[in-house]
Amino acid sequence: MIAKTFKNPKLQKYKDSLKFSLYCISHPLDGFWDLTHERRGTYAAANTILLATLLIRVMKLRYTSFIFMTVYWEDLNIFLYLASVLFPLALWVIGNWALTTLFDGKGRLGQVYMATCYALAPYPLVQFPLMIFSNFVTVDEAEFYSVLSMLSLMYAAILIVVAMGQIHEYSAGKNLLFTVATLFAMLVMIFILMIFFSMISQGVAYFISLGKELLFRL
Amino acid sequence: MRTKIAKISAGLLSILILLMVPMTAYAEDTSYTYIYDYWGDVQDGPDLYSVCKVFTSSDLKLDVKMKNPQSIYCYHDHIYICDSGNNRIIELKRVGTENMEVLRTIDSFQGGTGPTTFSNPTDIAISEEGEFFIADQGNQRIVKLDKDLNYMMEFVKPVDNTLDPELAFQPKKLVIDTAGRVYCIATGINKGLVKYENDGTFSGFIGATPVDFDWTDYVWKKLATQAQRARMESFVPTEYDNLYMDKEGFIYVVTGAPEDADLKTGEADAVRKLNLMGNDILVRNGEWNIIGDLYMGNAGGYDGHSYLADVTVLDNDIYVCLDKNRGRVFGYDDQGNMVFAFGGAGNMDGYFRGPVSIEHSGYDLMILDPLDGAVTLMIPTEYGKLVYQAIDQFDQGDYTASGESWEQVIKYNGNYDLAYIGIGRSLLRQERYREAMDYFELKYDDENYSKAYKQYRKEWVEEHIVVIVIVILALFLVPMTIGKIKAIKHEIDTDEFFTRRK
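Sequence lines, in order, name chains A and B. For the first sequence, the positions run 1 to 218 when the working numbering is used. For the second sequence, the positions run 1001 to 1502 when the working numbering is used.
Please keep in mind that the hints were generated in silico from the structure rather than gathered at the bench. A virtual CB, placed ideally from N, CA and C, is assigned to each residue, including glycine. It is possible that some hints are incorrect.
Claimed, not checked - Under 8 Å between C-beta atoms, here's a sample of chain B residues computed to sit facing chain A:
{"no.": "1", "residue": "Thr1216"}
{"no.": "2", "residue": "Asp1217"}
{"no.": "3", "residue": "Glu1441"}
{"no.": "4", "residue": "Tyr1444"}
{"no.": "5", "residue": "Glu1447"}
{"no.": "6", "residue": "Tyr1453"}
{"no.": "7", "residue": "Lys1454"}
{"no.": "8", "residue": "Tyr1456"}
{"no.": "9", "residue": "Trp1460"}
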């Protein structure tokens, strides 16, 4: 029974694709090409990496040394905190897909999501050991932590850009252009969302006041 | 039936009691004394100071009521109040803890070439020999009198080319050092403190506030028209409001002039500590800027930032600032941590309307409020004495006792950050690093935590050096030996001598 589960081809594929993220971050150009073109990546693995990222991000709150991170627990909203990753991610994926699909990008929406998640892999991989390491340093050695922490973020950012270029089959220049364009698209979407919500709330407020007025007259 | 009634009435009674309990609890919602914690949240605490007595003109049995008094000065057990509006100085003597009696009123002196009375005297200082230095603002001079009130000399408007010749010299506040040099703040002179040698010669300005402007200001100035430029605030140093010389000869100066935003960001200082060169050497290791109240919003009758109008330095290097705008008193320790804040605007004892001058005698504080025409004498409570005791013991090197005192403080007030850090520092000195770390971590003191942790880590490594060496060796040796064994095995397996046999 156990042997059967281990031999399960689906599980085997999941394990392989998860392991493939390591190849992706060490050989970005080759790795991200194969991710979609050779179907080496799976959504399950992408979701796992994203979940790990979120988990590490929450764990860091509690287990990072207070030298690097002091948390005002009274004001912390865990859902908002998670949304600070998920919301920009969603904006990036949708914005990137919406733009590139107009300019013969080969990646589909799901593939953009998958590649972005794979590119996030350095975050949990670096931040988890760093979180443990933070408890063994003093303020004099704080630079090690800050530099490594920043490197992991920059690494992930570079990987995301490279991944987009590979899955859309873009040249380097075009890729950079569309990275900037995507960032701009994210801003536009935030703007539209804000207008949308403020208009909805005003509309709702109108009907509420109308109802109140009616109740007063009755 | 009877039991039922009893039950019902018992139930009603309990409900009534429950209803009444929260009512009494709401009666007092904010306390008089507070501090700002690591997060900048207000943490209420027990009072460090309580009002001993408020001395009004009638309490002091003065024939003429005090009118706009500007300064209070303490010299041994004598207290001098500059009753500026009545052109006199009132000399008081402190009798016992909570009584003062008027010794004399000084309104004139003998000798000299100018007038022998005062006009709007705004400040007084007394040397060790008992000579009086009086800022006689209306007569544009500082007069020096001997202890029998005979004229000795006077300090007049500095001879300096950069000063506007039209400007009337209006000395406002002054201090003297042990050599008889005079440092004075004068209205309309923003180049810092006016310094006179003991023979009356002007020897320069020291300690002007730095003027900072950035390139945005430059661009604006370039774009503005002549008229607009004239209306724009010019970049000049701010005038100080008051000064105090501590026992080591450093001059603490305060100013309430900076903008709210500059105070918040720390671009402007409300308090500075000047050395002889006029450089600011105030230690600012606290979590928050030394600006009095951190929140400046318009609420509850308060508006704007704390206008620090005076400062006095206790013998244990705690400096106490007086806030004219919000009627509060703020105490900071030598590291810049807030020790206490108390007071408020109002007419009750312990609340002020526009206090301008603060002075200390030992740990007692005297606060002069010209609008009330009254001096408030405040003495430390049991709790206040305990806090001071803990600080003093630490300064004297009695670390164990200091730690015990801070433990007592925590029993009074569990929200007092300094107590936790104090215990931590005491433990650190006692080389109990692990415990010290816990106390520092509780109050987010990363510097001290690191000091303790560094020692703890060193000790740990020294104790476990054998284990560490074995583990490191094992990490290298085990893979190496495994590799070696595999290589030998491979050699044996592939060796002709063995393979030939098969």
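Could you tell me which of the numbered hints above are not met by this structure, giving the numbers in increasing order? 1, 2, 8 and 9
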